[in-house]
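Student: Construct the complete structure from the given sequences, taking the supplied hints into account.
Keeping their order, the protein sequence lines are chains A and B.
Mapping to this note's numbering: the first sequence position 83 is 83, numbers consecutive.
Mapping to this note's numbering: the second sequence position 81 is 81, numbers consecutive.
Everything labelled a hint here was simulated from the structure, so no lab data went into it.
Among the hints, a few may not be true.
Listed next, the in silico EDC-like pairs over lysine to aspartate or glutamate satisfying Cα-Cα at most 20 Å (straight line) [unchecked claim]: (1) B:96 - A:1; (2) A:65 - A:53; (3) B:96 - A:30; (4) B:96 - A:79.
If you're wondering where the values come from, they're calculated on a predicted model, not measured in any experiment.
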Amino acid sequence: EAQVTQNPRYLITVTGKKLTVTCSQNMNHEYMSWYRQDPGLGLRQIYYSMNVEVTDKGDVPEGYKVSRKEKRNFPLILESPSPNQTSLYFCASRRRFTNGKGYEQYFGPGTRLTVT
Amino acid sequence: KNEVEQSPQNLTAQEGEFITINCSYSVGISALHWLQQHPGGGIVSLFMLSSGKKKHGRLIATINIQEKHSSLHITASHPRDSAVYICAVGGGATNKLIFGTGTLLAVQP
Chain A
1 EAQVTQNPRY LITVTGKKLT VTCSQNMNHE YMSWYRQDPG LGLRQIYYSM
51 NVEVTDKGDV PEGYKVSRKE KRNFPLILES PSPNQTSLYF CASRRRFTNG
101 KGYEQYFGPG TRLTVT
Chain B
1 KNEVEQSPQN LTAQEGEFIT INCSYSVGIS ALHWLQQHPG GGIVSLFMLS
51 SGKKKHGRLI ATINIQEKHS SLHITASHPR DSAVYICAVG GGATNKLIFG
101 TGTLLAVQP
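Tutor: Below is the structure:
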């Protein structure tokens, strides 16, 4: 089954304690991205990766890091989490249709993070 | 002004009603997506449109590229359709998605 998986699904942590949220896809997609979802703000892109070893900042990258050492994995790292990073996080991956008109986006199940 | 605007923000309907959710955007796009998010759940892609109209079961999505507007219709609505519906547009060199803030739909039995 084609899917994007994330772990953990729920996490409560304290300010400053480093954490990693894992993301993996089994569809051989080149493009992967991380989003955070906050009430009234919708989904905002944190980081994205066009392929292995190619990553770039999205709209809200401050306080986050990513890596793309393998095609299937795209972990999100919070080196020193703060309460304003409390949010619902989604990993996503996509392929590109051959007609160049667009792509189908697959989302992970989400990780609800609370930083106290 | 947001680049992607959805209306209404909240919608309550009775089971069986015909529902329309609208999306307007202000940027050039390669495709528009309609997504569904159930409470506490993940996000599912319903449609991806670059022109015209698509239908899947009771769901219909249309797009007017000239007017930069799309609509999502639900026919014969059912309580299980209750969810947040999100419009997103993709474009630019990386086809980055820009999201609307969503429409919260509640269908009452």
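Student: Compare the structure with the hints numbered earlier in the document and write down the numbers of the violated ones, lowest to highest.
Tutor: Violated: hints 1 and 4.
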